[in-house]
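Trainee: Here is what each chain is made of, one letter per residue.
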Amino acid sequence: MNPMIVEGQVHGGVGQGIGQALLENTSYDENGQLLTASYMDYAMPRADDVPFYTVDHSCVTPCTHNPLGVKGCGEAGAIGSPPAVVNAVIDALHRGGHTHVKHIDMPVSPARVWSAING
Amino acid sequence: MPKDYGIGASSKRREDVRFLSGRGVYTDDVALHGQTYAVFVRSNVAHGRIRKIDTAAAAGMPGVLAIFTGEDFKDVGGNPAGWLINSRDGTPMREPKRPVLAHGKVRHVGDAYAAVIAETYQQAKDAAQQLADDSDIEELPAIVDMRKAVADASNRVHDEIPDNICFDWGWIEDNRAAVDAAFKSAPHITTLELVNNRLVPNAMEPRASIGEYNPGTGDYKLTTTSQNPHLTRLLVAAFVLGIPENKLTVVAPDVGGGFGSKIYHYGEEALVLAAAKKLGRPVRWTAERTESFLTDAHGRDHVTKIELASTKDGEILAIRTETLANVGAYLSNFSTATPTFLHGTLMAGPYKVPHVYVNVKTVFTNTAPVDAYRGAGRPEATFSIERIVDKMCRELNLDPFEVRRKNLIQPDQFPYTTPVGLVYDTGNYQATLDKLIELADVAGFDKRAAASKAKGKLRGMGLSTWIEACGIAPSNLVGVLGSRVGLYDAATVRVNATGNISVMTGAHSHGQGHETVFAQIVAEKLGIPESSVEIVHGDTSKIPFGMGSYGSRSLAVCGSAMNRAVDKIIAKGKKIAAHMLEAAEGDITFADGKFSVAGPTRPRPSGKSPSAPMSRITTRWRRWSRGWRRRPSTIPPTSPIPPGPISARSRWTPKPARSTSPPSPAQTISAM
Amino acid sequence: MTKVTMTVNGKTVSGEVEGRTLLSTFLREGLGLTGTHVGCDTSQCGACVVHVDGKAVKSCTTFAADVAGAQVKTIEGMNNPDGSLSVVQQAFQDHHGLQCGFCTPGMVMSSAALLAENPKPTEAEVRHYLEGNICRCTGYHNIVKAVLAASGQDVSSVAAE
Amino acid sequence: MHNFDFVKPATIADAVKALSAEGAQALSGGQTLTPTLKQRLAAPSVLVSLTGIAEMKGVCMGDDGLSIGAATTHATVAKEAAAHYPALAKLAGGIGDPAVRNRGTIGGSIANNDPAACYPAGVLGSGATVVTNRRKIAADDYFQGLFTTALEEGEIVTGVTFPIPQKAAYVKFNQPASRFALTGVFVAKFADGVRVAVTGASNDGVFRWTEAEKALSANFSASAVAGLTVSADGLIGDLHGTPAYRANLIKVLTKRAVEAAH
Amino acid sequence: MQLSDFREIKADPATVWAAILNPDVLKECVPGCESMSGSVADGFEAVVTQKVGPVKATFKGAVSFSDIVEGRSLKISGEGKGGPAGFAKGGAAVTLEPMEGGTRLSYEVDASVGGKIAQLGSRIIDGFAKKMADEFFTRFQAAVEGPAEEEVAEDAAEGEGEKKKGWFKRLIG
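Protein chains in written order, with this note's numbering: chain A, 1 to 119; chain B, 1001 to 1672; chain C, 2001 to 2161; chain D, 3001 to 3262; chain E, 4001 to 4173.
Calculated from the structure, these hints are not laboratory results. Nothing false has been slipped in among the hints.
Once the Cα atoms are required to be at most 30 Å apart in a straight line, the calculated DSBU-like pairs of lysine-lysine come out as: (1) K102/A <-> K1435/B; (2) K2055/C <-> K3038/D; (3) K3214/D <-> K4131/E; (4) K4056/E <-> K3136/D.
Okay, the calculated beta carbon distance ranges per label pair: (5) E3152/D <-> G4101/E: 34 to 44 Å; (6) T99/A <-> G2152/C: 44 to 54 Å; (7) D4067/E <-> R1049/B: 23 to 33 Å; (8) A1451/B <-> T99/A: 18 to 28 Å; (9) L4003/E <-> E3055/D: 40 to 50 Å; (10) A1440/B <-> L4003/E: 45 to 55 Å.
Computed, partial: chain E to chain A, Cβ under 10 Å: (11) G4086; (12) S4112; (13) V4113; (14) K4116; (15) A4118; (16) L4120; (17) S4122; (18) R4123.
Here a beta-carbon is modelled for each residue, glycine too, at the ideal position from N, C-alpha and C.
Required output: the full structure, derived from the provided sequences and hints.
Mentor: Structure below.
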């Protein structure tokens, strides 16, 4: 409909997906106290946490359920990016010889990667 | 050559001018004469019994105008869940009341149990602290961990719900035996336990609400940070406060992001309305960021065990999952749909999987409510599937690209019916995968990885392929599945006398750029400049009843309604043009903003121009409809065109895809 | 209450403030300049960034009385004298560097401060400089691109929009 | 926020006088204190802003080393100390974000002594001297644990004097949310030995890693640190890292700082 | 937050036991304690002010004793509301064992906080709680057995002739 806006939506979703994969976590302690109740502890992605990337939507198959043939795009970036990021981390670890690491839960923080390597 | 106008053009956003100049108007930017300030008193404990709330001292403090507690709302309705889910055994889900202010018990840190209204924000804050100091809440053990909540039934979030389970959902229950059998005979089984981490949507604009009441007319107005003002009006009017809908206007002005968290109705909205009525003055509230963290609906929070059965060469045979999904302390409006119909139905991903079974137990805990956050259910499903496919590839030493290519639905298989009840309409997943491999330079990856290694760094490559189901609908089907609201949308297109257009939409922009994009649709179809189209949204007194913006639905659903309304406008215009152009209606064509007579241009009997732009049609129509000019006999009085300006309203609910195995709960599906 | 006087967007303004009155409160409630937004409590989101004596500061973490006499510039003062968008603002529109618009005033003010200090920043410098401004909508892609473009650099080679 | 009187004296003497009032609190940039006040987690009756005192501002190279006025902002230090003490300038340029650096001051930072702040590592790692309105305090005596310093009632930091090392570097690993140091290490090589100060890692705040100092004094190279171990006892464990992870970071960052020192 | 530790106190168990149950001792030993009154049976009322960096909060609450095994062990529990800061709760299970030259006092402390201090201060809570516990038992030890040797020497050099007793010992003779 408007490629600039479509890509902007995807960028936003990818930003949030990378946030979920690498940074963001909501943590309650065992007494139900919310420990991540400000930006001091809830890690929001910042400009230097994300790279430039390419968005392509040239493989078009129009939707058959509406007259415009349009499909939504607002959530796509947030849906597909977390597993892509985590799969990449696991791949990197395997290439580095850390083949005992089968999975790391999100957010895949440096501390968790370190624990996984040494665990 | 990229288009520079209309559909497909990267038109610059018109809303940016005000946002970039500091002239946007967000809820907290609205200042009203005589306004007062609400501050909520929130629980510091996750789970507690309210023993005493002594309001006397706080009520006597400077500037304090009113104090509300849960007692004031015990007889009004609760904020309901919007989707009824039945458990595997057929019993309906448990639905505890979600009150405006906590009554009897507090159930999460941040659960508001009182509110203070004062002349200034600081006075309200002072008194709220006094009230907190004068309250006695007996702390009970908190229920935080879902596994423990389910295992230990002695401690309950809601006293009337014995096992802290809202429902135990199986999808599709009839397929379970076949799935189990597929696993029994599978050559290879991959198992993975994983967590979809709990997130907070964190729109940069904190939630805010202003309630107004006019004692002279009995009219209420709520200005609030909402993605869907009509839904909020419906919930406040029909379920919570019982205000007649015709007496309540809900306005969502510029909204600073939502990502799901502003779909829902929250108690603060009801409170400022009730307080405004009591005081006869505007009552405003704006969340501090910490309040947002404590009380905005959170997202995700699934704990999942997923199993995947495959052949030794990576053909997926079956998928089986068991998930605990946190709903928090109360059911937020869409919280029951998210882990079920937005999650379980996506558990086949973009793959040809013959057998899938999904089990989801939703669990009450002493945490903030959890509901749909950008993606809502689909990210959880995708993370589970794509992680386990990757793990399977590693276990079997297979190439993750080739395994996916092999399992992806083929282009000639659409429409494709999955074993979890969806029909995918279209897609060419292989082509997308090929394009990805090219763009990402997968062939050159090993070289890049080696270069990184030389610098002491590890480089990895991750792949994910997925489906985004969007614009959930159609209304009649979701109704069958438990939705308590229709998921259509609506638009009114009005041609103003001077030929410019006003479009009233049910969708609401909180960053998506509707003012620009919707204008592109209308401008393209009517062949007029985008600048001639005005988009009106976010005010229930101006717009048709629509369901708002979430779930990637604005364009697919509301855009379609708008498209249809424009078609009606063109049809009306043709009738008028037929008269003006002295031709039969069937001979009139519409292109580039002009009505013309089809076929080779021929001289008209009157000798006038053979085409008419929309503005002339409108002027003519206006004169007829106002009686300034006699309605021509070529348009008989029985004509379906009503008097008044040329305007048309349409609703749209997506049609289900044709399923090969009815009855099937279908959604409209788009795939990346 | 004490009286403070400062210059805001070129005009001398005065107002009665309490000791605790924040600059953001003074601007929004005292002067009606609601373009400066408040998005957090802990001085991190940056939606409230304004310029004080030419430097970017967080107005929600600055007391009005502490900047008495200063030159303050807010988003409302960023447009060109003829009302058109300034180069930075125009770049944000051209490159779709904003969506909901809430973080945008702070983002523009920080970007303008960066370009005043460093007229040709690299991508890394832009990203580093903007670390005190949180945007939830754009994924920063187009913001960084807009700032690079506003500095006069060619962004056509930046990964497609 | 509770209300208070706001005063902005122009001299140290007036500031000291203002601070003698009951419930008075110094404000030196306020990038930590102001959010605290907004949350009502403190309620001073008088707030004394120190940033209007000209004699407490500026960066100046002298015989004793680099003197920095306590009310000098991080941004100014990042710019003006760069020629004299690049490691310190880099540290200042990495605190918070640009807007925070334009308000926050060195005096405010070290008076607060947040266990994850950067400046304490720079001051302790440099063996700097903290100058107050009453006396001069060696860095080793000044930092006394979590949010605790040698400052007495009515005493304010007026400046800090840094001896200039032959080589130095500060390497910080950001806590991803707050951008404070999850762990930060300042290494400074002087003619008479090496100092290593660690911030962000210990429950007791900034501290010197003496084993590394000894090893690096003998051999200033990353390999000198390789054989050392850091105990996780007493280190901070929180959402962002366990004590064991922080122990690892101390070693890794020390190596990186040695490599980066120039 | 949980931690356990022990102290070897140069006083007999009966003296240590009496000190634990004495509100004046507790007042002196709880860092920042402004008042402490009441009885062992009904519990004590306490007001404690804590300053951590820029944060200053006053907690009003109660201290109670439970699981009392006379002369041997007990649990001290405290709970206070700190206004905007939220609340703090803590307990110490204390066991006394006679040893040569005194008493071995071992303790297991747990502490939890709620409200703003939990929401904003999680990174420093453990460290702070540990510091408070250390300080409490250090003060307690000093109260019962007197200042450490070097301090005594210093004081003596300043002219105080008599060897100092712990103030609690002086109190009880």
